[in-house]
Amino acid sequence: MINNDVLRSLRYLLDVSDAKLVEICQLADYSLSEADVAAYLLKEEEEGYLPCRDEVLAHFLDGLVFFKRGKDDSRPALPVEKRLTNNIILKKLRVAFELKDDDMHAILQAADLPMTKAELSALFRKPGHKNFRLCGDQVLRNFLRGLTQRQRG
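Counting in the UniProt record's numbering, the sequence shown runs from 1 upward without gaps.
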């Protein structure tokens, strides 16, 4: 899934302004201008479109965790991912929205993408683990849709 689509989906889910997206990034000590955010939110065919780099989305997702759960200054900052995968995005969303396994199942069920507990837990394993499974674009897209229904519904 394209980072711009994830950012667009999260902005809609959170129902926030471009300025608030900038603030969320700043929570993760990352500077971004409203003009950049506006360019990331455009469709590919629109003039002024700017591809959202992994580094930008990773900082936004870290900022989202702080925005939703608060920042614990006693804990050292984790290094920001240089390369994002759908699995990492899913993990960060799970943390930000404090979702348990049952919540994840309900969200995917609501998005017409039921998964077994084993299938779901495989998405959260470390790469290289024998049961690790890549999170496909369809799973992430449906998860974001289901999460939006849950948050805004």
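Because the hints were derived from the structure by calculation, they are not lab data. It is possible that part of the hints are untrue.
[Unchecked claim] Here are the simulated distance ranges between beta carbons: (1) G48 with D73: 17 to 25 Å; (2) E23 with F132: 33 to 41 Å; (3) V80 with L50: 14 to 22 Å.
[As the list claims (entries may be wrong)] Computed list of lysine-lysine pairs in PhoX-like fashion (alpha-carbon distance at most 25 Å, straight line): (4) K71 with K117; (5) K71 with K43; (6) K126 with K20; (7) K71 with K91; (8) K117 with K82.
Idealized CB from N, CA, C, for every residue including glycine.
Evaluation of the provided hints:
1. G48 with D73: 17 to 25 Å: About 37 Å separates the Cβ atoms of G48 and D73, which means 17 to 25 Å is violated.
2. E23 with F132: 33 to 41 Å: Hint holds: Cβ distance 35 Å, inside 33 to 41 Å.
3. V80 with L50: 14 to 22 Å: holds, 19 Å
4. K71 with K117: Status violated; Cα separation ~30 Å.
5. K71 with K43: violated, 32 Å
6. K126 with K20: The given pair, whose Cα atoms are some 32 Å apart, is violated under the 25 Å limit.
7. K71 with K91: This hinted pair holds, its Cα atoms lying about 17 Å apart.
8. K117 with K82: violated, 29 Å
The structure fails hints 1, 4, 5, 6 and 8 (numbered hints given earlier, in ascending order).
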